[in-house]
Amino acid sequence: MTKLNKITALGVVVLILSACGGNNGDPSPGENAKDRKPILTHWADNIIVPSYAAFKGKFDVMVSKGDAFATAPDAASLVAFRAAWVDAYAEWQKVELFEFGPADRYTLRSFFNIYPTDVNGIAANISDPSASLDLPASYTRQGFPALDYLINGVGSDDQAIVAYYTASVEGPKRTAYIKRLTSRMNTLLTNVITEWGTYRDTFISKTGLDVSSSTGLVVNAYVLYFERYIRTGKIGIPSGATVTTAGVPYPEKVEAFYKKDLSLALVKNATLAVQGFFNGKDVVTGTEGPSLASYLDALEAKDAASGTLLSTVIKNQFSEINGKLEPLSPNLTQQVQTNNQAMLDVYAAMQKMVRILKVDMTSAMSVTITYTDNDGD
Amino acid sequence: MSAYFQRMTSAAPLAVFRIALGLLIFGSMVRFWAKGWIHDLYIQPKFFFTFYGFGFVKPLGAYTYVLFALCALCAVMVAFGFLYRMASAGLFLTFTYIELIDKSTYLNHYYFISMICLMMIFLPAHACFSVDAFRNKKLLSGKVPRWCVDSVKLFVCLVYVFAGIAKLNSDWLLQAMPLRIWLPAKNDLPIIGPLFNYTWVAYAFSWLGCVYDLSIAFLLLNRRTRVVGYGAVVIFHLLTAILFPIGMFPYIMIVTALVFFPENVHAKIIGTMAAWIRVPNLVNASGEYKYPVRVTKLLKPAFCIFFLVQAALPFRYVLYPGELFWSEQGYRFSWRVMLMEKAGYAQFTVKDGAGKQVVVDNSEFLTTLQEKMMATQPDMILQYAHMLRDHFAAQGFRSPEVYVDSYVALNGRLGRPLVDAGTNLSNEHESFNDKPWILPPGYEIKGF
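Chains as they are written, first to last, in full-length UniProt numbering: chain A, 1 to 377; chain B, 1 to 448.
Hints should not be assumed to be uniformly reliable.
[Claimed, not checked] DMTMM-like mimics (lysine to aspartate or glutamate), calculated; alpha carbons at most 20 Å apart, straight line: (1) LYS206/A with GLU195/A; (2) LYS315/A with ASP303/A; (3) LYS138/B with GLU288/B; (4) LYS35/B with ASP210/A; (5) LYS268/A with GLU320/A; (6) LYS206/A with ASP188/B; (7) LYS352/A with ASP303/A; (8) LYS186/B with ASP297/A; (9) LYS352/A with GLU371/B; (10) LYS179/A with ASP67/A; (11) LYS268/A with GLU252/A; (12) LYS352/A with ASP420/B; (13) LYS186/B with GLU300/A; (14) LYS253/A with ASP361/B; (15) LYS352/A with ASP361/B; (16) LYS315/A with ASP282/A; (17) LYS35/B with ASP373/A; (18) LYS352/A with ASP405/B; (19) LYS56/A with GLU195/A; (20) LYS302/A with ASP35/A; (21) LYS268/A with ASP87/A; (22) LYS186/B with ASP373/A; (23) LYS58/B with ASP40/B; (24) LYS260/A with GLU91/A; (25) LYS186/B with ASP210/A; (26) LYS356/B with GLU252/A; (27) LYS260/A with ASP158/A; (28) LYS356/B with ASP390/B; (29) LYS206/A with ASP35/A; (30) LYS186/B with ASP35/A; (31) LYS268/A with GLU91/A; (32) LYS281/A with ASP45/A; (33) LYS56/A with ASP45/A; (34) LYS46/B with ASP390/B; (35) LYS302/A with GLU444/B; (36) LYS37/A with ASP188/B.
Simulated from the structure, these hints should not be mistaken for lab results. The structure presented is a predicted model; accordingly, all values stated were derived computationally and were not measured.
Turn these sequences into a full structure, and let the hints steer you where they fit.
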């Protein structure tokens with residue numbers, strides 16, 4: 001439609017509506033909560049940007065400890081590197097959900113956290129230092145999962161792991177690969193963080209709900225992340241809830257498989273981040289601000305039968321998921337092997353949440369997921 | 001009745017309508033092409049949801065561009081009235097073929113255009129101000145049978161009235177749904193945006209929209225209210241163009257409604273166009289367009305049957321039990337437009353007797369649009385289930401069973417399962433019969 005048409009139509013509509021003797025008073029605070037700009041601003045300034053900053057802090061420590069280990073591989077530098085890797089991996093769970101805007105442009109997740117890692121591929125890349133790390137086939141040869149293998153999986157104990165890196169001919173190639181991975185991650189992450197500096201203003205200005213609007217991008221990325229990367233990736237695949245062959249699950253496909261005792265902590269962190277984002281929790285102060293929850297409340301989204309607010313339904317479901325995660329073993333591989341039903345229960349609770357987020361929340365918000373014409377059927 | 005069929009009227013309104021229709025369809029084709037939708041909707045998908053009974057309609061791959069080009073060419077030829085019968089038949093066939101490729105792209109206004117094009121094949125819209133009439137003076141006529149022009153008007157009236165009747169339901173009138181959800185999404189529009197934060201505005205729009213649809217046909221038919229009615233048409237459709245992503249539809253309806261104006265208006269339009277392109281307008285030619293008698297014998301009953309079918313189709317839903325908006329049995333081809341905010345989730349599990357099991361990632365098989373449409377429409381869920389059955393059988397699953405975990409929210413109510421999760425869909429067959437595996441929604445929407 002041409003601009004002129006739009007202006008004419010707007011003018012006519014305004015005339016009609018004012019002729020209806022409309023309410024000319026200021027909207028009450030309840031109405032303002034339907035404005036999306038304050039929500040986008042809060043997301044950018046108090047959640048997304050500071051989360052990246054916090055992650056970058058932990059990540060930088062990991063890079064420097066990794067460099068120290070590469071320079072002088074010994075038991076002490078290995079332990080220090082590993083501890084920094086654990087911290088950074090845990091903090092990563094708080095930013096992986098922001099795969100829109102800059103992170104989406106650089107497909108950060110694909111280079112940071114695709115698992116299970118490809119052990120043979122890593123070996124091939126170590127022998128060929130010029131092997132591409134850009135192609136999709138290389139996703140499983142880099143990022144945190146590759147580092148997991150490289151610092152936890154290449155030997156049966158620390159002594160053996162150190163020996164792997166001090167071997168006379170192969171050792172330097174192996175340490176070089178660690179440095180190659182961390183510096184590559186650093187470049188990508190720095191790009192994303194730098195770009196948020198300029199993207200922030202664009203982000204808060206696109207206040208619509210169409211497919212290219214900021215709210216649209218965020219909600220679609222948020223739901224996709226929860227469904228595919230938390231529910232399916234962290235729980236569904238290892239437990240066999242989403243795929244089994246002859247009834248056998250895949251316990252070796254957990255996140256941080258080689259570290260063994262980290263997988264549960266990572267799921268918990270990721271779930272908490274998703275929950276915090278829903279409630280608009282400021283990652284610095286911990287207080288709640290404008291959010292998906294407050295927006296749904298402003299829209300009066302609720303269960304027609306019981307009158308329960310949709311935001312409450314979602315909060316309750318988060319509690320249920322957290323409750324089901326609580327008793328699990330820190331080592332999810334072990335959990336699958338000893339009592340897989342507890343994993344399947346988590347999956348079921350998450351599956352319920354996927355439906356609520358993907359259908360009830362997006363429908364109540366009228367978030368568009370496609371760009372084609374639609375006549376509402 | 002037979003006297004009515006003898007009456008003649010000016011050929012100008014049909015000629016203007018022909019030109020406008022041709023140009024608008026041409027514009028739509030160009031728009032579709034420019035936006036890259038030919039690729040996105042008709043080439044990229046791996047699987048297509050054909051209409052029941054139209055399984056022979058196959059996607060054409062890269063030749064889809066040829067199909068669109070042909071359609072655009074026919075549209076231009078119709079506009080110019082060049083080889084009109086052939087061009088209008090070609091336009092109907094190509095346009096309809098495109099729409100039949102994939103149900104996910106079904107829109108009421110595409111169906112509207114298909115049906116209008118079908119009628120146009122048989123109407124003498126080329127009797128004046130056309131290349132054909134210019135070259136063939138025997139064809140050139142200032143008058144055409146009145147029923148020809150009236151047919152177009154009648155069809156437009158049916159569309160509006162049915163769209164209005166469809167709004168007479170409790171969700172639309174009593175809950176202001178779905179506008180109550182859709183309008184706040186537009187609260188960032190300049191000037192009018194903040195109004196959409198008020199619930200009463202959603203009610204006002206719902207009721208005015210319903211009154212508009214029910215009354216506009218009569219306002220346009222009546223000489224004294226015609227100008228006011230046309231003003232309402234323009235305002236209503238421009239407003240929908242601002243608020244909703246409905247593409248060309250508003251402009252098509254704005255232009256189509258011109259057909260209700262008397263012949264002198266159309267003669268003027270043709271006069272202006274003729275002056276622009278410097279051709280004789282000949283709109284007052286003395287000839288009268290007459291169908292050969294045997295053609296009339298076929299055509300009159302054919303048009304009667306066409307309109308009877310059109311009048312009956314929107315009510316076929318009463319033959320199905322259950323809630324129409326929920327099961328959508330008898331929903332399409334009924335001018336039910338903008339009535340539902342419906343969202344769904346459908347997760348399929350395929351398994352076999354040997355313990356193989358996989359939860360399907362729909363994005364491996366369907367585009368975003370297809371998945372969205374499939375998740376809320378049972379017939380598409382069944383088609384997709386059969387596609388999965390065949391796919392996984394080829395992957396080594398032995399007589400795969402297909403189950404769906406579905407969840408659908410309608411007009412602001414929280415979601416509920418749409419399909420019985422215990423039904424093995426690979427054994428269910430598509431037909432016009434009621435689908436017993438559709439679960440009840442647990443609520444009733446009263447009205448039409």
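Results for each hint:
no. : hint                   : result
1   : LYS206/A with GLU195/A : holds (17 Å)
2   : LYS315/A with ASP303/A : holds (14 Å)
3   : LYS138/B with GLU288/B : holds (10 Å)
4   : LYS35/B with ASP210/A  : holds (16 Å)
5   : LYS268/A with GLU320/A : holds (13 Å)
6   : LYS206/A with ASP188/B : holds (9 Å)
7   : LYS352/A with ASP303/A : holds (15 Å)
8   : LYS186/B with ASP297/A : holds (17 Å)
9   : LYS352/A with GLU371/B : holds (19 Å)
10  : LYS179/A with ASP67/A  : holds (6 Å)
11  : LYS268/A with GLU252/A : holds (19 Å)
12  : LYS352/A with ASP420/B : holds (16 Å)
13  : LYS186/B with GLU300/A : holds (16 Å)
14  : LYS253/A with ASP361/B : holds (18 Å)
15  : LYS352/A with ASP361/B : holds (17 Å)
16  : LYS315/A with ASP282/A : holds (17 Å)
17  : LYS35/B with ASP373/A  : holds (11 Å)
18  : LYS352/A with ASP405/B : holds (10 Å)
19  : LYS56/A with GLU195/A  : holds (14 Å)
20  : LYS302/A with ASP35/A  : holds (19 Å)
21  : LYS268/A with ASP87/A  : holds (14 Å)
22  : LYS186/B with ASP373/A : holds (17 Å)
23  : LYS58/B with ASP40/B   : holds (16 Å)
24  : LYS260/A with GLU91/A  : holds (18 Å)
25  : LYS186/B with ASP210/A : holds (10 Å)
26  : LYS356/B with GLU252/A : holds (18 Å)
27  : LYS260/A with ASP158/A : holds (14 Å)
28  : LYS356/B with ASP390/B : holds (15 Å)
29  : LYS206/A with ASP35/A  : holds (12 Å)
30  : LYS186/B with ASP35/A  : holds (10 Å)
31  : LYS268/A with GLU91/A  : holds (11 Å)
32  : LYS281/A with ASP45/A  : holds (12 Å)
33  : LYS56/A with ASP45/A   : holds (16 Å)
34  : LYS46/B with ASP390/B  : holds (14 Å)
35  : LYS302/A with GLU444/B : holds (18 Å)
36  : LYS37/A with ASP188/B  : holds (9 Å)
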